[in-house]
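Undergrad: Read top to bottom, the protein sequences are chains A and P.
Numbered per the numbering used here, the first sequence spans residues 1 to 423.
Numbered per the numbering used here, the second sequence spans residues 1 to 254.
Keep in mind the hints are simulated off the structure, nothing from the lab.
It is possible that some hints are incorrect.
[Claimed, not checked] Calculated lysine to aspartate or glutamate pairs in the DMTMM-like style (CA-CA distance at most 25 Å, straight line):
id, chain 1, residue 1, chain 2, residue 2
1, P, K252, A, D76
2, P, K52, A, D30
3, P, K87, A, D155
4, P, K87, A, D76
Here the structure is a predicted model, which is why all the values come from computation and not from measurement.
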Amino acid sequence: MAPRHLWLVLLLAPAAHAIESDAAALQLADLPDAPAAAVPTRDWRAHAELAAGIARPRDGAQAPDSARLSLDAVLDTTLAPGWRLVLSDRLDGWAWQGRADRAINTLREAYVGWQPDASTVVDLGRVNVRYGAGLGYNPTDFFKAGALRSVTSADPQALRENRQGSVMLRGQRLWQGGALTALWSPELADSPSDDGFDLDLGATNPVDRWLLVASQRLNDWFDPQWLLYGEPGSVQAGVNWSVLLSDALVGYVEWAGGNQPSLLARARGEDDSAFRAAYTVGATWTTSFKLSVSAEYQRDNSAVDADEWKALQNDVRLGTQRGSADDYARYRQLAGTRQALTTREGLMLYASWQDAGVAGLDLAGYWRRDLVDASWQSWLQARWRGRWADLTAQWLYNHGTALSNYGAAPATQRWQLALTHYF
Amino acid sequence: MRTFLPALVMVLASAVHAAPEAQALLAASDAIRNPEKPFGLTTTLIEYRNGKQQETTSLAVYSRSERGSGQFRSLLRFLAPARDTGKLMLKSGNDLWFHDPANQATIRISPQQRLLGQAANGDVVTVNLAGDYSARLAGEEDITDGDRQPRRAWRLELAARAPDVTYHRIEYWLDRSNNRPIKARFYAQSGSLLKTAYYRRYQSQLGVERPTETVIIDGLDPNWVTVMRFADYAWRDVPESWLQRDYLPRFKPE
Numbered sequence: 001m002a003p004r005h006l007w008l009v010l011l012l013a014p015a016a017h018a019i020e021s022d023a024a025a026l027q028l029a030d031l032p033d034a035p036a037a038a039v040p041t042r043d044w045r046a047h048a049e050l051a052a053g054i055a056r057p058r059d060g061a062q063a064p065d066s067a068r069l070s071l072d073a074v075l076d077t078t079l080a081p082g083w084r085l086v087l088s089d090r091l092d093g094w095a096w097q098g099r100a101d102r103a104i105n106t107l108r109e110a111y112v113g114w115q116p117d118a119s120t121v122v123d124l125g126r127v128n129v130r131y132g133a134g135l136g137y138n139p140t141d142f143f144k145a146g147a148l149r150s151v152t153s154a155d156p157q158a159l160r161e162n163r164q165g166s167v168m169l170r171g172q173r174l175w176q177g178g179a180l181t182a183l184w185s186p187e188l189a190d191s192p193s194d195d196g197f198d199l200d201l202g203a204t205n206p207v208d209r210w211l212l213v214a215s216q217r218l219n220d221w222f223d224p225q226w227l228l229y230g231e232p233g234s235v236q237a238g239v240n241w242s243v244l245l246s247d248a249l250v251g252y253v254e255w256a257g258g259n260q261p262s263l264l265a266r267a268r269g270e271d272d273s274a275f276r277a278a279y280t281v282g283a284t285w286t287t288s289f290k291l292s293v294s295a296e297y298q299r300d301n302s303a304v305d306a307d308e309w310k311a312l313q314n315d316v317r318l319g320t321q322r323g324s325a326d327d328y329a330r331y332r333q334l335a336g337t338r339q340a341l342t343t344r345e346g347l348m349l350y351a352s353w354q355d356a357g358v359a360g361l362d363l364a365g366y367w368r369r370d371l372v373d374a375s376w377q378s379w380l381q382a383r384w385r386g387r388w389a390d391l392t393a394q395w396l397y398n399h400g401t402a403l404s405n406y407g408a409a410p411a412t413q414r415w416q417l418a419l420t421h422y423f
Numbered sequence: 001m002r003t004f005l006p007a008l009v010m011v012l013a014s015a016v017h018a019a020p021e022a023q024a025l026l027a028a029s030d031a032i033r034n035p036e037k038p039f040g041l042t043t044t045l046i047e048y049r050n051g052k053q054q055e056t057t058s059l060a061v062y063s064r065s066e067r068g069s070g071q072f073r074s075l076l077r078f079l080a081p082a083r084d085t086g087k088l089m090l091k092s093g094n095d096l097w098f099h100d101p102a103n104q105a106t107i108r109i110s111p112q113q114r115l116l117g118q119a120a121n122g123d124v125v126t127v128n129l130a131g132d133y134s135a136r137l138a139g140e141e142d143i144t145d146g147d148r149q150p151r152r153a154w155r156l157e158l159a160a161r162a163p164d165v166t167y168h169r170i171e172y173w174l175d176r177s178n179n180r181p182i183k184a185r186f187y188a189q190s191g192s193l194l195k196t197a198y199y200r201r202y203q204s205q206l207g208v209e210r211p212t213e214t215v216i217i218d219g220l221d222p223n224w225v226t227v228m229r230f231a232d233y234a235w236r237d238v239p240e241s242w243l244q245r246d247y248l249p250r251f252k253p254e
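Isolated chain A (complex conformation) (with noise of 0.2 Å):
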């Protein structure tokens, strides 16, 4: 070629290698072997679940090694025009080396729903409901105290996935641009059950409860949803409210506050109440290379401060002080089962990348740091989405002084395997 001519071969180069995969492309998908038909519709879906996991143990602790095999299957039909049923479950088969073997059962949803109109509708069962902008700390979701049963990942995500909902009656009423939802929830039963196949009604209705969630959008930017919940002896007000701050970047706020005792006198059985209030205020940005990464402030006033928490560990330290050593192991219990801040402030960095590098390798992790006594906690997912399975693999560590919101942990870490199986 002469020279005085390869000008022009550049220049035109970029053009004929675009024209070119776009020629391979439209031959792709010419492709006899692509499917042309769309799956059919179907009114359930279920996975199982094979898990091993190992730890470990801090010094003094026990935490054993375990398998674990689960199942779970959502069943959401039409029984006739306008009347639904919803079916969710889940079985976790534990075994735990050398100790104990233990099948839990969790019925997270069991319901019946009948929508009258296209804007109208009633639901009257077992409803897992919730709430809440946040993404580790929502203090708008009332009805997450009780609901953990069976613990399978610290991953924040499959913590909502894996509970169980509560018994209620459930209306809402939608209109253009606007819904608002009331519920009933009636006391069941007094306390949990330790039975792995109880309905633990004791976990999820112990006293009467109800909500109200009003939403209304106003414009682009401004459409929270404010909350009303009431139990015996407390009313609160709440508020989620999420704002596209650009093309990229997402900001929430999550707020909720009331008269309600704190969680230190809740756990002794006594009564302070007064106003307290519980906020969770972040943001996620996404790159343009599938990288999203959250950070959020979590804080509730009704969890112990500073120097509460100090005394709460100086009694357990010091031994049996105001006979009260025992506290310490019953707050922090509480704060387990209402899924509530072990302390006043926490901080969480959250990142997950889909597509990490390689087609189908989904990563994840999380940061979270108490405030208060600075212990934190990371955890690490890598997921590998297979044709039939996914394969996962988390790793999670503890750090922190021996009685420190994440150091108290039994296993300083913890991996687990599992490979999941969708139906």
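Add chain P to chain A, keeping to what the hints say.
TA: Only chain P this time, still in chain A's reference frame:
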């Protein structure tokens, strides 16, 4: 007079053969891609990387145009793969919500976050470009369409009216004889090519010849190709009251 007459003739001639108004062309092509009444369809997205078929995603799409703006509001429900069955995405302009029935979480997502999944390609289709973009007629060209047929096409240059859109600029080729979309190139604000789309396999759906397949080529990685197939077009009752965050946990497909 000698100079005036030819000028008059030219003016009259150009009036007779006037180029059509670009915005009207764009609106006409929108009407070909999107039915005017609330409708539903099923989209199957087949992804190829380096010529090898990857995961296939199926979505049921329920869509209606908003009164006033004409912008489409869509509810996308995952049918496949099995791990994503039942997940929902609500899209009304940049107002985007994602609902996962497994954890009952309904969260607002950013347009950039929406691009994480294959569903992102789904809304390349059900979008009314005339609402968000100003069109300019950039000329006429002979191009090869997605079915390898030569076509005489209008080339439109679309400029985003608002700064917060994912595709800052679009090059859009329409069949000169019937305004059918043939091809589009979607650009980021930086000027980089994000996607090339070919609209092809026109068939009669809901009374109009519409493209039943779109081939999307990634701008940064031409070896990443997504084929979208559309089936089960049907008029659907999609009440306005359903297209909001608070209805997502209750949504039950027919």
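Undergrad: Does each hint fit the structure? Answer for all of them.
TA: Outcome of the hint check:
1. P:K252 / A:D76: With Cα atoms ~8 Å apart, K252 of chain P and D76 of chain A stay inside 25 Å; holds.
2. P:K52 / A:D30: 13 Å, holds
3. P:K87 / A:D155: 19 Å, holds
4. P:K87 / A:D76: Given pair K87 of chain P, D76 of chain A holds - Cα atoms ~13 Å apart, limit 25 Å.
The structure meets every hint from the earlier list without exception.
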